[in-house]
Amino acid sequence: MNREELAEFLRSRRARVTPREVGLPESGRRRTPGLRRQEVAQLAGMSIDYYIRLEQGRGPHPSRQVLNALSRALMLSADERAYLFHLAGQALEPERLRGDVPRSILHLIAFLEEVPAYVLDAKYDILAWNPMAAALMGGLDSRPRDDLNVIRWVFRSPDLAEHLSDEEKGRFARAAVADLRWAAGRYPGDAGIQALVAEMLALSPEFAALWAEHEVKVRREQRKQIAHPAVGVIEAICQVLPVPDREDLRLVLYTTEPGSPSHQALRRLREVTLSS
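For the sequence shown, the numbering used here begins at 52 and goes up steadily by one.
Warning: the hint list may mix true and false statements.
DEER-style ranges, computed between Cβ atoms [as the list claims (entries may be wrong)]:
1. Ala242 / Met126: 42 to 52 Å
2. Pro309 / Leu252: 38 to 48 Å
3. Leu159 / Gly108: 42 to 52 Å
4. Arg82 / Leu159: 49 to 59 Å
5. Ser128 / Asp192: 14 to 24 Å
6. Lys275 / Leu252: 21 to 31 Å
7. Arg88 / Glu308: 44 to 54 Å
Everything labelled a hint here was simulated from the structure, so no lab data went into it. The beta-carbon is built from N, C-alpha and C at its ideal position, and this holds for glycine as well.
Please build the complete structure, drawing on both the sequences and the hints.
See below:
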């Protein structure tokens, strides 16, 4: 059980919920935004002393019943609820990433000859990719294995702006950090995730600011506008799919609207890839 992280998460989520959202009267001036501790305790059906101890990082090990009550009181999303359970030590999933890619998934991305596809683990390391992904993202084949982390690219790469606009980068950065926080809660014993978070906190004020917001959300689908030097702008739908029986892995696909200029651009990119 991670008492310190649990306490911080509860405080951040309490500050986000307004009395009106949970059906409480908004009477009197409030010194801080969100619900009062007493209101959360009331909504969750527990004593105020018990809840205060949880927020101060000195509470007992909460039961699943207590965690479910807090999830309802704080209006947590499904991803946030799962994260809360992991922080409280109630999760039964493995605590470490495996790092291998099933052979069937390797065959699948190789078969997708017109669709950029790659496999990402929960730490945002790219573990495998097809030629179209290498052509779209640039330099995957020439990078050393320890330099294939998307989080590091987002917050440390000086040339990322050449491919994504500031708005695109900001939207992706926020989604990636919320997803990484979910992974940190799901795999609390993974030294790689812990080291990555510590590195980014030390090197990137932007990452540190987003991490401090305690947003938790698994990344699933996002639209991206990619400026490719060979074929121009590509409007793509980035689909992030869980690998069956391996929730530490995601299959990432870049698709486009059939017949659209972006679809034609991807086809030209494949021709360039085949001719090179």
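Now for the hints, and whether the structure bears them out:
| no. | hint | verdict |
| --- | --- | --- |
| 1 | Ala242 / Met126: 42 to 52 Å | 33 Å, violated |
| 2 | Pro309 / Leu252: 38 to 48 Å | 43 Å, holds |
| 3 | Leu159 / Gly108: 42 to 52 Å | 44 Å, holds |
| 4 | Arg82 / Leu159: 49 to 59 Å | 55 Å, holds |
| 5 | Ser128 / Asp192: 14 to 24 Å | 38 Å, violated |
| 6 | Lys275 / Leu252: 21 to 31 Å | 26 Å, holds |
| 7 | Arg88 / Glu308: 44 to 54 Å | 49 Å, holds |
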